[in-house]
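Chains A and B, in that order, are what the protein sequence lines are. Sequential numbering of the first sequence, starting at 142, is according to the numbering used here. Sequential numbering of the second sequence, starting at 1263, is according to the numbering used here.
For the record, the hints were derived by calculation from the structure and aren't laboratory data. We treat Cβ as the ideally placed atom computed from N, Cα and C, and that holds for glycine. Certain hints may be false.
Said to hold, decoys possible - Covered stretches of chain A (in silico footprint by chain B; criterion: 3 or more residues with CB under 8 Å from a CB of chain B, positions within the stretch not fixed):
1) 200-213
2) 254-263
3) 294-302
4) 390-399
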Amino acid sequence: MRWWVAVELIEKILAAGGRSAQEVEVYLVEGTGVSAELKREAVAMATGSREWGLSIRTIDKGQIGTSATSSPAKWEECLNAALSSMSLATPQEWHGLPEPADLRRPAPSYDERVVVEPSAAQEFLSLMLEGARKHPESRITSGSGSLTRSEVTIANSHGVHYTAPRTEVSCSLEAICGQSTGSEFAHSPFLEIDPLWVGERAAFFAGHSAKGLPMETGQFDILLSPVALAQLFGNILVPALSGRTVHAGRSRLAPLLGQKCMDGRIDLCDDPFARGMGATAWDAEGVPAARFDFVKGGVLSSFAYDLKTAYRYRAKPTGSAVRGGFSGGPAIGVHNLVLDGPREKIGYDRALSIHDVVGAHTANPVSGDFSVECQNPIWVEGGGFQEPVRKAMLSGNLFDALRGIGGIGAGSRIVGNSILPCVRFKKMQVIG
Amino acid sequence: MSLPGIRFSDVRCVRATSTHIDIDNGVVESAGTSFSDTALVRVLGPRGWGMISVNNLDLSSKKELDRILAEGLALARITEDPVSLAEPPRGEHKVPAPGEDPRSLSLEEKTRVLSGIEKAAKIPGITSTRATYIERTEEVFYTDSSGYENQFTITRSGFSVLAVAKRNGDAQMGRESRHTIHGFNLRHQEPMGVKAGETALALLDAGAAKGGKMRAVLDPELAGVFAHEAVGHASEGDLVKEGSSVLAGRIGEQIGPGILTIVDDPSLPEFGFEPVDAEGCRTVRTEVVSRGRVNAYLHTRETLAALGNGVAGHGRAEGGEPPLVRMSNTFIEAGDSTLEEIFSECRDGILLVGSRGGQVDPGRGVFQFNAEYGYLIEKGERTRMVRDVSLSGEILSTLHGILLCGNKREMHQGFCGKGGQSVPVSDGAPHILLSDAVVGGSGAD
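Please construct the entire structure, taking both the sequences and the accompanying hints into account.
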């Protein structure tokens, strides 16, 4: 859709919606993408995509309605569905959608070097295969490379009209050696991923873990990689930091605001201006996004709020509305969850390093209890990988574990909407 | 539907209307309807696939279709993997008529009935409740370069209710859900709300399970997830073909006891029902494991041509996404043991109840899933309740550890994710008894 056509459509929706509701919000996404997939070592499939999506919210006397469509021609049907939805919602305290703000600082969400061409995706695959050849004992089973460009627009009846370009590149590879698997991935808004490294690591983990030995059940120090940590954070910690979960009585962190809830070395913030997958200058409701602390020095300092939850509970909005695509309405989330603190050498004393976990989504988000199967568990000592472990299951409670960590490792990496380091945890239950 | 260089092409359009209702602690947070119109055009070039995913495809425009086919062919030309397709078995099942068609009810009525279930969960001691309803009607149209066409409309709907109880800083939850293709299923379901509340309260008094190897009885819901995670995924032809499954090369091999038969059946009118698969193939029952032996893999046309051993008809896809080999309604056939016999044979162990989901690494042959809660079994009797208990293991050794299968099978509904796509499924089983199960829990002696 040409930009002036999109502007015209948005103006039409705002005008038509304004006749039946006090406020109207339009969220528009348009993008293109290309991906290529490996099966074993051959390119088996290439896919191109064109996406267009529209989401409308209408608000009147504290009642909020939503609808979405992928068809420009169906905007009136979509608007009418939003108005019907509005009439059913329970009225709540509401102080309005945001007014226009001066957003001069662009978020690092776009790289003009990203070109949506099949050859670029193909190049990712070739480089990953080259990296994997460093471990010839491992065989490639599948992999993918993709590039997307999109444009996101939010507008409302108060005159907000922001548009931001976004780019995303990603690659992933899976390898196997006997019955030992290894996988690795990288993604970024920038053309800064390293497919060679991704290929080498996937093949390394598959090959190294093939020599895994049984381990005894017991309590051991654990090193959770950024990938494993992101899985547990995404399923347990992020929901517990949502203002909605807190006020609904489903967060174990609810009574701890202003109190120590984690190890004193931990700082945890949402930084929408960090170079991560969720970089944005405004949130999914058009509220200017800004960095804020969840935890500072182990003390819980804030929860995340969208407008609706902040107005209802008289809290300060934190610009934390996110959308998982055009079809869902805005919900509380994180843009770039960043864990930081004093960095230490955490791999010298013996510990079990865990590259990834299977089954994090089965964790109990209310209590924080989890029990997950470890992917590529390897003993570390003296700063390097030692003998691999064949099978290990990790059980514990994330909230309890975060109260007394063993240290924060050097470096960080992007994993979804998180930017995390490796963290050492003390004495956790491992079932061998 | 063709251009020079194209060996085969197909188009699958999905027009969907989705309704959701979310009631949180008595507040209608959202209730509304959304629309989507997505299509995937697949082009099989000289070697592999080129695909184009678009919104609002106008099938009546030859010009647009030719342009998309040309784009697909250009993408297909970068592929290297030679793809062949097995002949498609044709035929469609009729979509069962719904009892009470959800589309005939107003959003207000659905909200009112859901609210009753949410209120029912708020029994004394419960601090938080939430109920959600989802309904999705899909109008599917499929055509391919052979001239074959099919179209159907199906509505899936259901609800879930969550209750949270708190005491002295401890918080526990109970959750119930029901989904169906047979019409509006919310009426008279208040007891499900009460059950969620009672589970949350009971879990406040439950201890943490002590992990380790032990005998375990899996209830029908968890045993169904076990069939899905431990065996179903490993039998998917695409994973077998790429070498990511421990079941590769094991056709005819005895991997479990003779009482064990595991089936995937997309023609069964359960939540994973498909009247025809996403490649226009007739859907039929496949016995993946038959009397303990690996009998067949699940297939699309491509994986069947590459591997054999099974039938096509297991291709499923979200709108605008490529068909993948997927499970539908997956279950362990009932055996002949009574529940009393299973408990007695277990003697000392653990009963695992309900499911919070699971995951598998089919290449490594390792699975993990969490029960909602459990009970200790002591001297053949069910005793203390335990919480946050999980089961993990190696597929092959665990299957050999199945000692008994109960005589009554039940099905439960859910959603399964693979390759970024989520599809509705049902899993089922009778109670089963496992020896040497690896049970996870953070409890200590």
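Hints versus structure:
{"no.": "1", "hint": "200-213", "result": "holds (count 9)"}
{"no.": "2", "hint": "254-263", "result": "holds (count 3)"}
{"no.": "3", "hint": "294-302", "result": "violated (count 0)"}
{"no.": "4", "hint": "390-399", "result": "holds (count 4)"}
Against the hints set out earlier in the document, a violation occurs for number 3 only.
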